[in-house]
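J.: One-letter residues, chain by chain:
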Amino acid sequence: EVKLEESGGGLVQPGMSVKLSCTTSGFTFSDYWMEWVRQAPGKGLEWVAEIRNKANNYATYYGKSVKGRFTISRDDSKSIVYLQMNSIRSEDTGIYYCTRTHSSYNVMDAWGQGASVTVSS
Amino acid sequence: DIQMTQSPSFLSASVGDRVTINCKASQNINRYLNWYQQKLGEAPKLLIYNANSLQTGIPSRFSGSGSGTDFTLTISSLQPEDVATYFCLQHNSWPRTFGAGTKLELK
Numbered sequence: 049e050v051k052l053e054e055s056g057g058g059l060v061q062p063g064m065s066v067k068l069s070c071t072t073s074g075f076t077f078s079d080y081w082m083e084w085v086r087q088a089p090g091k092g093l094e095w096v097a098e099i100r101n102k103a104n105n106y107a108t109y110y111g112k113s114v115k116g117r118f119t120i121s122r123d124d125s126k127s128i129v130y131l132q133m134n135s136i137r138s139e140d141t142g143i144y145y146c147t148r149t150h151s152s153y154n155v156m157d158a159w160g161q162g163a164s165v166t167v168s169s
Numbered sequence: 061d062i063q064m065t066q067s068p069s070f071l072s073a074s075v076g077d078r079v080t081i082n083c084k085a086s087q088n089i090n091r092y093l094n095w096y097q098q099k100l101g102e103a104p105k106l107l108i109y110n111a112n113s114l115q116t117g118i119p120s121r122f123s124g125s126g127s128g129t130d131f132t133l134t135i136s137s138l139q140p141e142d143v144a145t146y147f148c149l150q151h152n153s154w155p156r157t158f159g160a161g162t163k164l165e166l167k
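Each protein sequence line maps, in turn, to chains R and X. Take the position in the first sequence, starting the count at 1, then add 48; the result is the number in this note's numbering. Take the position in the second sequence, starting the count at 1, then add 60; the result is the number in this note's numbering.
Warning: the hint list may mix true and false statements.
[What the hints assert, rightly or not] Stretch by stretch, here's where chain X covers chain R in the computed footprint (C-beta under 8 Å, at least three residues):
id: 1; segment: 107-115
id: 2; segment: 120-133
id: 3; segment: 157-165
Hint data in this document are derived by calculation from the structure and do not stem from the laboratory. Small disclaimer: the values here were computed from a predicted structure and weren't measured. Even for Gly, the Cβ is constructed at its ideal location relative to N, Cα and C.
Start from the sequences and build out the full structure, keeping to the hints where you can.
T.: Quick look at the structure:
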């Protein structure tokens, strides 16, 4: 069974940092690009970041609103993907979903349940 | 960025009804459009990929059509378990962008 489980969310003060983890199982992690997608309260979904696999040189991509503040990384030995969130802002509040995309088919085909991040002083 | 305009935002239908949900892209995305279903408290689930390909394990009452800029998700005969929010995703170009979602409820 394919599983993606996010952790590390919570209440964070503006300007501080938080690191999300997505622990995966049930599939060949190295075959997939991993991504983060978020949803602010009452808003639509926003793609945040992507990290490709070793075959694609672990290339990373970011949405405009997080570029320079967030860093996506992965540990293929542990099948975990991370999202380091720095200089966090109130508009970063939301549910953060970990997703996978098959590197050959470019289809986002599985999502985790999400981790909540609330930015407030 | 490609804008995805999804309609309607809210839909109320009866069991057995044929339901259609639309997504319109601000520019040509070929067939790179996926449809997802999200039930309350659950992770989103892929229904249709590349406009019209049914994901493994998804009931055949779900279908997708379209290419270029206009796409449709159809539920041929609505079932009670289909109550959910549905959204589209374009993966023709980065950044990936989503439709705003359609909340489907039973009448």
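J.: Now tell me if each hint is right for this structure.
T.: Verification of the supplied hints:
no.	hint	in the structure
1	107-115	holds (count 3)
2	120-133	violated (count 0)
3	157-165	holds (count 6)
Figure legend: structure checked against the earlier numbered hints; the only hint not met is number 2.
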